[in-house]
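S.K.: Chain by chain, the residues run as shown.
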Amino acid sequence: MKILAHSYVCPQAVLLNGKPVSDLKNEENPFKSAYQQLGVDYPKFYKMDVLSKMAFIGTELLLPYFPEGIDQENDLQLIFANSSASQNTDNLFVESYEKLKNPSPSLFVYTLPNIVTGELSIRHKWYGENCFYVEDSFNPGHFSEWAQMAFDKGNKSCLCGWVEAKTDGEQECFLFLLTNSENADNSIELELSTLIKQYRNE
Amino acid sequence: MSDLKENLKAQIIEQLNLEDLTPADIQDDAPLFGDQGLGLDSIDALEFIVLLDSNYGIKIADPSEGKEIFQSVNTLADYISKNQ
Amino acid sequence: MHKPVYIQYLSLVSPLGNTVEQHLEAFKNGVSGIKLTEKAGFQDTSIPLAKREGNSSNRYDTLLREALEKARQKLSSKLFENMAVIVSSTKGNIDLLPGDTFASTKPIIHEFFPKTDVFIISNACVSGVIAINTAADYILAEKYQEIIVIGIDAVSEFVSFGFQSLFALSNEACRPFDKDRNGTTLGEGCGIVLVSEEKVSESAVLYKGGSSSNDANHISGPSRTGEGLVRSIEKTFKRSGFTASDIDFVSAHGTATVFNDEMESIAFGRTNLNQVPLNSMKGYFGHTLGAAGVLETIMSIISMEHNTLFPCIGYCETGTSVPLNIIQRMESKEINTILKTASGFGGGNASLILQKLP
Chain P
1 MKILAHSYVC PQAVLLNGKP VSDLKNEENP FKSAYQQLGV DYPKFYKMDV LSKMAFIGTE
61 LLLPYFPEGI DQENDLQLIF ANSSASQNTD NLFVESYEKL KNPSPSLFVY TLPNIVTGEL
121 SIRHKWYGEN CFYVEDSFNP GHFSEWAQMA FDKGNKSCLC GWVEAKTDGE QECFLFLLTN
181 SENADNSIEL ELSTLIKQYR NE
Chain X
1 MSDLKENLKA QIIEQLNLED LTPADIQDDA PLFGDQGLGL DSIDALEFIV LLDSNYGIKI
61 ADPSEGKEIF QSVNTLADYI SKNQ
Chain S
1 MHKPVYIQYL SLVSPLGNTV EQHLEAFKNG VSGIKLTEKA GFQDTSIPLA KREGNSSNRY
61 DTLLREALEK ARQKLSSKLF ENMAVIVSST KGNIDLLPGD TFASTKPIIH EFFPKTDVFI
121 ISNACVSGVI AINTAADYIL AEKYQEIIVI GIDAVSEFVS FGFQSLFALS NEACRPFDKD
181 RNGTTLGEGC GIVLVSEEKV SESAVLYKGG SSSNDANHIS GPSRTGEGLV RSIEKTFKRS
241 GFTASDIDFV SAHGTATVFN DEMESIAFGR TNLNQVPLNS MKGYFGHTLG AAGVLETIMS
301 IISMEHNTLF PCIGYCETGT SVPLNIIQRM ESKEINTILK TASGFGGGNA SLILQKLP
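Protein chains in written order, with the numbering used here: chain P, 1 to 202; chain X, 1 to 84; chain S, 1 to 358.
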């Protein structure tokens, strides 16, 4: 197993393979600015919840690194996780029926964490396998296990993501693209835990 | 009429949670639905029904009626001024 | 598949009862758990729900404890050495908002199975089938010897109001695949199965393979062509080495919304499954979301065990462009191989195949 590329999106910055792509510190709408800097035309972006927006931006940056010669449409598995599920949108939806007295359908459809993988699949025409886990914290060992099981089943690459958007709390999206390279060292755990620490400035 | 359109744009942004957009980002005659314009879909059409009811007291019983009305800010404003 | 993977049911709790036997009786007699429930909808409207008695808060925690208690009694303690738990749920305990809705899940499981590794899968309505597939993946990877899979979701105003806002709820008990269907009915329940590398009891059947797939089409509307479901079924056939002609019974998703059931009929037509006896169990359980895949897998195992096809209650007349072989009355049939499918928000689809032991 091998990490082909990685990206990190948070309200302060966007980074690709450890290097800054956008500085968002002085931006009023950081994700809007990051989206506009991508130069892609995808108006549905504006309707997305924060989880999907961050994952959308992070994924666009990884596109040049997808391995060639594999059936990306069918053999790419998406493996995502976070600790708060769809908490941010859940609370907005509760507000829509408790305070505004109108349960909002366009919020309700984002009250599931796996909508993130749905949005990415729609954007890139990926018909492959998806799974969304809820975990206490980012666990490199678990991602490594899940990716290995995906490869064991015949998937050729995995787009993995830790994507978190808490109400009044942290917002971050760490994505990494994996391939089942037989020659590479099979343990990616250490590399992943180093990378997330660097991205979080820990 | 132009006040109505500006209000509508602000209400669309609020109702559809498009908080990254400003009214200036929405053109009067740009398609709201489909892959161009705002890229809205059938779920958002439900939000327009709520918007028309709560802000203008206009009730649309049949969601399929909305197709014509919700084409653009222009068609929406037109419908509101005729039916209010 | 390299080595056998076994699956057996441990616990089943829903408005139809809290034992497998009670569920078997209810299914034999065509009893539905759905009732018109006063003041359960937005602005105190009445909506049909498959809801257990009582209006306690923390419905999720209560349901989880009750089902775990029964599962625990069925397992001998020698199993727990190399075991994990996978939970499938869309919302967890909604009463914990504005905080983390899954915060209570792991501590409750640890009351019954201390220190066990716990994974939570939240993948909308396909969560249950994906959780069973993932359990099998873990067994095949030899990471664990046994995995307990828990499918659970509770009725809440949050989800009811949301489905109402989408105009997705039926005004009567839902009618899967019927001409007059006009929406789903929500339900609640908890089902627990054990997936293991060894045959643990006589009621075990073989897990033969599974997969998931995305429609890549829309986050809340089903694909018009059934593309994602077709790809998942085909992948599951390929992985298990089975074809449509091997399948004796299909436990479909069948939410009873106009578009979902139409999509499924097209997908079953495209995969040559339209002649195979098929039901949706939403007429009994309502749509239990993250629990559905596990609950319906349990009842499919019971169907195999008793060689009995249970009717798709709520269904009277063909209502999809591709006619399906929908089971209308209870009948005896040798059932050796079953296909379970699910589809849901986020464009997700999933399927799995089970086979009776030779």
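Simulated from the structure, these hints should not be mistaken for lab results.
Bear in mind that the values here come from a model prediction, so they are computed numbers and not experimental data.
The beta carbon of each residue, even a glycine, is placed where N, CA and C say it ideally should be.
It cannot be assumed that every hint is accurate.
Said to hold, decoys possible - When the alpha-carbon atoms are kept at most 27 Å apart in a straight line, the in silico DSSO-like pairs for lysine-lysine are as follows:
| id | chain 1 | residue 1 | chain 2 | residue 2 |
| --- | --- | --- | --- | --- |
| 1 | P | K153 | S | K35 |
| 2 | S | K3 | S | K106 |
| 3 | P | K166 | S | K106 |
To be verified - Partial selection, computed: residues in chain S whose CB lies under 8 Å from chain X:
| id | residue |
| --- | --- |
| 4 | P114 |
| 5 | S165 |
| 6 | S220 |
To be verified - Covered by chain S, per the in silico footprint, the following chain P stretches (three or more residues, Cβ under 8 Å):
| id | region |
| --- | --- |
| 7 | 1-15 |
| 8 | 25-35 |
| 9 | 63-69 |
S.K.: Now tell me if each hint is right for this structure.
M.R.: Do the hints match the structure? See the list:
1. Of the supplied pair hints, the one linking K153 of chain P and K35 of chain S is violated, its CA atoms being roughly 42 Å apart against a limit of 27 Å.
2. Between K3 of chain S and K106 of chain S, the direct Cα distance comes to roughly 30 Å. Violation of the 27 Å bound is thereby established for this hinted pair.
3. The straight-line distance between the Cα atoms of K166 of chain P and K106 of chain S is roughly 20 Å, inside the 27 Å bound, and the hint therefore holds.
4. A least Cβ separation of about 43 Å between P114 of chain S and chain X goes past the 8 Å threshold, and the interface hint is therefore violated.
5. For S165 of chain S, the suggested interface contact is upheld, since its CB lies about 7 Å from the closest CB of chain X, less than 8 Å.
6. A cut of 8 Å between beta carbons decides the hint on S220 of chain S: the least distance to chain X is about 6 Å, and the hint holds.
7. With 0 residues bearing a CB less than 8 Å from a CB of chain S, the region 1-15 of chain P misses the requirement of three and the coverage assertion fails.
8. For a cut-off of 8 Å, the count of residues in the region 25-35 of chain P with a CB near a CB of chain S stands at 0, and the three-residue condition is violated.
9. Here's how the region 63-69 of chain P fares: 0 of its residues keep a CB closer than 8 Å to some CB of chain S, so the rule of at least three is not met and the hint is violated.
This entry does not satisfy hints 1, 2, 4, 7, 8 and 9, going by the numbered hints stated previously.
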